[in-house]
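Could you build the full structure based on these sequences and the hints that come with them?
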Amino acid sequence: MTNPINKILLLGSGALKIGEAGEFDYSGSQAIKALKEEGKYVVLVNPNIATVQTDKDLADKVYLLPVNPYFVEQIIKKEKPEGIMLGFGGQTALNCGLELNRLGILKKYNVQVLGTQVDSINKTEDRELFVKELQKIKVRTPKSIAVRNVKAGVKAAKEIGYPVILRAGFTLGGLGSGFANNEKEISKALNEAFSYSPQVLIEEDLRGWKEIEYEVVRDSADNCITVCNMENFDPLGVHTGESIVIAPSQTLSNAEYHQLRDISIKTIRHFKILGECNIQFALNPHSISETGEFDYRVIEVNARLSRSSALASKVTGYPLAYIAAKLGLGYKLTELENSITKKTYSCFEPALDYVALKIPRWDLAKFPRVEEEIGSKMKSVGEVMAIGRSFPEVLQKAIRMLQVGKFGLVLNKSKTQTIKEDIITPTPRRLFAIARALRDGYTVDEIHEMSKIDKWFLYQIANIDNFRKDTISKEEITADFLLEAKQLGYSDKQIGVLAGSDEDEIRNIRKSLGVMPVFKQIDTLAAEYPAETNYLYSTYHGNVSDIEETPERDEKKIMVLGSGPYKIGSSVEFDWCCVTTAKYLKKLGYKVVMVNYNPETVSTDYDICDKLYFEELSLERVLDIYEFEKPLGVIIAMGGQIPNNLALKLHENNVWILGTSPHSIDKCEDRNKFSSILDRLEIDQPVWQELADLKQAKKFSNKIGYPVLIRPSYVLSGTAMKVCNNDRSLQEYIKEHAQISKDFPVVISKFEEGAKEIEIDGVGQNGELIIYAISEHVENAGVHSGDATLAIPPQKLYFETVHQVKRITKAIVKELKITGPFNIQFLAKENRVKVIECNLRASRSFPFISKATNYNFIDFAVRSILGHDIHGDYKTLDLDHIVVKAPQFSFSRLSGADPILGVEMSSTGEVACFGESMEEAFLKSLLSTGFRLPKKNILVTLGDIEDKVEFLDSARKLNEMGFTIYATTNTHNTLKEYKVKSRLVYKINEKKNPNILTMLEKKQFDLVINTQSMKHEHKSMRDGYIMRRKAIDYNIPLINNLKIAVLFVNSIYKYKIEDLEIKSMDEY
Amino acid sequence: MNEKKKVYLRLANGKIFAGYSFGKYGNTDGEVVFTTGMTGYPESLTDPSYSGQILVFTYPLIGNYGIPEFKRDDTAKSVQDNFESGRISVRGMIISNYSSDYSHFDAAYSLDTWLKDNDIPGIYGIDTRELTKTLRTTGVMLGRITTEIEEGELNVVDPNETNIAAEVGVQEPVVYLPQKKNSKKKILLIDCGVKNNIIRNFLSRDAEVIRVPAGFDPLDSQYEFGGIFVSNGPGDPKMCTSTIENLRNSFDLNVPIFGICLGSQILGLSAGADTYKLKFGHRSQNQPCIEVGGHCYITSQNHGYAVDTKTLPEDWEEWFINNNDGTNEGVKHKSKPFFAVQFHPESSPGPNDTGWLFDRFLDLI
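Read top to bottom, the protein sequences are chains A and B.
Following the numbering used here, the numbering of the first sequence begins with 1 at its first residue and continues without gaps.
Following the numbering used here, the numbering of the second sequence begins with 1069 at its first residue and continues without gaps.
Worth flagging that the hints you see were computed from the coordinates, not collected in a lab.
Treat the hints with caution; some may be incorrect.
What the hints assert, rightly or not - Straight-line distance between alpha carbons at most 25 Å, and here's what the computed SDA-like set of lysine to any residue pairs gives:
#: 1; chain 1: B; residue 1: K1074; chain 2: A; residue 2: N466
#: 2; chain 1: B; residue 1: K1083; chain 2: A; residue 2: A479
#: 3; chain 1: A; residue 1: K272; chain 2: B; residue 2: G1362
#: 4; chain 1: A; residue 1: K469; chain 2: B; residue 2: T1343
#: 5; chain 1: A; residue 1: K452; chain 2: B; residue 2: I1130
#: 6; chain 1: B; residue 1: K1073; chain 2: A; residue 2: D465
#: 7; chain 1: B; residue 1: K1201; chain 2: A; residue 2: M516
#: 8; chain 1: B; residue 1: K1201; chain 2: A; residue 2: E549
#: 9; chain 1: B; residue 1: K1345; chain 2: A; residue 2: T341
#: 10; chain 1: B; residue 1: K1073; chain 2: A; residue 2: E476
#: 11; chain 1: B; residue 1: K1072; chain 2: A; residue 2: A462
#: 12; chain 1: B; residue 1: K1201; chain 2: A; residue 2: L483
#: 13; chain 1: A; residue 1: K455; chain 2: B; residue 2: D1174
#: 14; chain 1: B; residue 1: K1201; chain 2: A; residue 2: E532
#: 15; chain 1: B; residue 1: K1201; chain 2: A; residue 2: R728
#: 16; chain 1: B; residue 1: K1074; chain 2: A; residue 2: D480
#: 17; chain 1: B; residue 1: K1201; chain 2: A; residue 2: I547
#: 18; chain 1: B; residue 1: K1378; chain 2: A; residue 2: E335
#: 19; chain 1: B; residue 1: K1074; chain 2: A; residue 2: E476
#: 20; chain 1: A; residue 1: K266; chain 2: B; residue 2: G1361
Stated by the list, open to error - Beyond 12 Å from chain B on every Cβ pair, some chain A residues (computed):
#: 21; residue: K155
#: 22; residue: V298
#: 23; residue: D504
#: 24; residue: H541
#: 25; residue: L984
#: 26; residue: E1067
Claimed, not checked - These stretches of chain A come out as covered by chain B in the derived footprint (C-beta under 8 Å, 3 or more residues):
#: 27; segment: 42-53
#: 28; segment: 254-262
#: 29; segment: 284-290
#: 30; segment: 1042-1049
Predicted model, so just to flag it, every value in this text is computed and none were measured.
All C-beta atoms in this analysis are idealised placements derived from N, C-alpha and C, irrespective of residue type, glycine included.
Spelled out as structure tokens, the structure:
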């Protein structure tokens, strides 16, 4: 019997953030699909405009509003859903659901929770209850004591014995968790943890134990299955989201595997999970316990879809989110068809005849001062998954997939310097340090001692390294040699390095020797039944492909290259572009071949396209697939920079690139070529020059005048771009972080202060501008466009500026003969418009402008590329509403990172909300990023005098609204001078009371508004850093840009939360 | 391991797969079957039901955790830990990747060493997925692992044409006592190639096990017993003529009867039903079986034959059904305590979800 209710509210996860990323677009989209198949009416709440799930053809109603109890209650009041699903929007949705229940809102409006019930969720989320429940069924958990204050925490640690682990309840991705070796460390960690959670657990330290996970599914008839198990390469101590993970487990015997499986099922039955959940174990690698069992602990249970479950779905082909949604409606596993075989049912456990390896993608270099060590907190921003038939094969594939400039595990250009330290203390470099250590003569036993990584993994790595020991000339290359290299995961490029040759030449030799990969299907049953879907991977461990090679060019087949791993600057928005491209291509009657390898995406769902190659986006592999599939051509314009960078090389290898010519792309990517085009078209651009020595660099900078923007071509450490204000900072930056020479020149350009930034996104066809949308940055230029707050239609632009932007755009579209999507960024100051960047591909704002204007720009781009007539009159400037996009930062995850805005992007996600006015849309967006409105005390410290003066009016408004402003000496004096009330608070280094530091620590501020001086970058920089960092560490909202501060004050001045309209996307 | 040595798998349909040798370098032949289980190669390789067969592992990485300490026992009496019998039952082993370096606290030697010590040939470097698809489409076939490709016809004796079950079980009765003395429950276990874990399951439930040869007649027993158990085992059930006959005669004793796998087929044949050969069998650890009117269980399986449900006499009924292909997974008598399952509740390797069947049987005694 399935549930008779009709209208269902689904909670999304909001913006992408560290610990909660694209996997929830995947799970939400799957859930909607499952519910729509049953004819249910689905209402979705999710402010993440760049997701597939917020497309209007999925759910019946989409609310781009914050996922918090206030807004969800309003939506419930309006929509009157009968049921709600909490398990598909990560911890955000789960926590919101628990709150809704606690506040009695679900009961009040008679909304039934579908799937796992709140009582069960509570038992898995509340650590104390969790441990108690597991004791009832004699399931072991780590020795642990729950505490609610610092003193009790210190006492508990003493009782258990150092070192101990801290875990905060009710948080996502290990926020507020950590290790402590002594009393001093634990006091500090407890203080921090209690700012996130009312309860902290102190636990025994099990570092070095194996970490194993199971994905478990249970239906209403109590049928229970484990869909997948996974083993962490990194032993316990590294958060599973930060670990390299392989599926299935590799080092477990049958007895170990099934003991843990039995416990999984017993636990899940006890908690009465309905749907999907994840259970994590620690397993003692050395011995059997006194009871004759393998010694284990259950670490945690996630009673919802999770990052791991998304990974498990991609690993096995078992659609966990889809199944979980159906089970939530009351279906039984035995009634649901296996969507891959279409012959068997969903009540089974997939058998794999391949292995899948996940490696997290970090972007720590983007964050000045961040701690590099990885541990119990998540810091990674994305992940990749490689599928193959041996560990070396998937390991080297996955490393290349990370797109961090590595050719594989070995034979890379850069060398690890600090081998021992990097093996002992996990950082993103550990894997490479292990390879390097083996090279330097360390034994597997020694490396195991240092890292506790299971020797099996280390032996496998040693196999990769051993192979490269014999150098070979290219004439000596045999088929056997190549096959062995390939089976160990070596790329043509690596073999090129080994044989003193290059990628192209090795490819030719390889093809002439007939050493080619085969393509195999993922079928959930290890070939026991035929598969009806084309979910494919390549391997060199095989002789025959599962599918036939296409004999001749298929004019109705198009290959789409995906966007690779999520990282700072490239995430779910590009996946949206790719998925949308596939949808429209299919609508137009084309077969779609998708290539991507990011397990957190919708594009890697095998039902999005006709054939999914879960494969590398490298020249080598794309050519392999292209030659095997023989499509009409390849679309590279949708997946961001990774496919864009392949355009020219693919073109040179006789691949037909659909859309704008690769030569035009090259002209755009090459700074010199693009600059001369602009000059020829008489389009203004900031002055710039490439410089090869420091003296020249200083000379040029002085000529154009500081501040200047510097971009080195070789970065030693830290971020790639930097604004410098004087000779000294220029010199210091180059010396410490970059190189300057003929081989590695730096590019210096004039940094325009006080300029507005404008973006245009559009679609061209044969050099003609077809459709465009203009959006405006709230922040002034200097804040990376990915971190900027965008408004569409623009609110503060002169008619003349818009006119110029259009004129320039038309000229560029014509010159570069653009056919397809593009994005141009402009600076505008007093009606002078300069071009700063141009991309001949879809940009990160495409989903935003498409949903804001109600014209799907990808639809236009696809039809443009295919040569359809798309001329028309499209109104994108004159909208009846305003949409504001706001960035989501994840600084709380990145210990030590300085939360400032600059020329390097640091946000991890975005949200966008509709409104009647700029202020309304902005406020909704801000709230959607988790921002809490201040109640009383606001700390204001502003950098330059210009900032202080510009803020005066806002400060007055704050006073008028009854807020108390706390200000540091200079800001306080300026405010006083203009008769604005504020209370003086001393800077940290002034060591006087009331002091900022103590007030922050006591959480006496509800909001911190801090801007830094552009001119005096050294003075009081440390103070500013500590203040900003403390605000983040103590979970106090921070506004770090003046334009945003002013807009924020105006917004709360104009709107109370009750004034914000509850309207779905289609009501605008 | 030594130098790579090429070896071949030759199938009855003429197909040849080339790979490299591990274990014993030499020839072997048998029925080529595949298992999709992802763990438990020591258990599978010693499972007597694989006697006469060359086993293909679809899971591509084998040998990772080595082999625990092993005591060879050709009398089939052994119930040592970690293994399902005292000898390697398969005639040969076919895999994709072999891990020569292993890692596990319980490991005593590598899989390669163990196979060599027990004279069992293995091949690695085979496209096991392609091989499995071949077996799936044409059905299981006879084949030979060979160091040289010989000319002429492939001459392999079909192990299913002999009563192989009678050969692999004990030849003389053996009695096992549980730790708890004076057990009141005594099981007559008819050994057609029983797995150790079945014996362990009885012993851990405080039952005494009297393990007797496949041809043993319960009506003629010198031992007292409260229930009859018919074990798993290799080959075609119809070859087990005396076991079938003896069991049929035992119905009159009115003691509970429980069978597993081959035991289920034998019970079916004793009841008067028919059995048939499946195209490529069920050898895996993920088979969903629905208890008629009840739960679905994930089960471990290893069988090439099945009871034909349609031929069950009136007083018998289908007990379990395979959720994937609808084949019979268990039979029981409508009024008497006679029942059997096609899958392996003792697992090892595989999931332990149906261990309760041992309790059910013992509760009746």
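Against the structure, the hints come out as follows:
| no. | hint | result |
| --- | --- | --- |
| 1 | K1074/B x N466/A | holds, 22 Å |
| 2 | K1083/B x A479/A | holds, 23 Å |
| 3 | K272/A x G1362/B | holds, 18 Å |
| 4 | K469/A x T1343/B | violated, 58 Å |
| 5 | K452/A x I1130/B | holds, 22 Å |
| 6 | K1073/B x D465/A | holds, 23 Å |
| 7 | K1201/B x M516/A | holds, 21 Å |
| 8 | K1201/B x E549/A | holds, 18 Å |
| 9 | K1345/B x T341/A | holds, 23 Å |
| 10 | K1073/B x E476/A | holds, 22 Å |
| 11 | K1072/B x A462/A | holds, 18 Å |
| 12 | K1201/B x L483/A | holds, 23 Å |
| 13 | K455/A x D1174/B | holds, 14 Å |
| 14 | K1201/B x E532/A | holds, 14 Å |
| 15 | K1201/B x R728/A | violated, 69 Å |
| 16 | K1074/B x D480/A | holds, 13 Å |
| 17 | K1201/B x I547/A | holds, 12 Å |
| 18 | K1378/B x E335/A | holds, 24 Å |
| 19 | K1074/B x E476/A | holds, 22 Å |
| 20 | K266/A x G1361/B | holds, 22 Å |
| 21 | K155 | holds, 36 Å |
| 22 | V298 | holds, 18 Å |
| 23 | D504 | holds, 29 Å |
| 24 | H541 | violated, 6 Å |
| 25 | L984 | holds, 64 Å |
| 26 | E1067 | holds, 45 Å |
| 27 | 42-53 | violated (count 0) |
| 28 | 254-262 | holds (count 6) |
| 29 | 284-290 | holds (count 3) |
| 30 | 1042-1049 | violated (count 0) |
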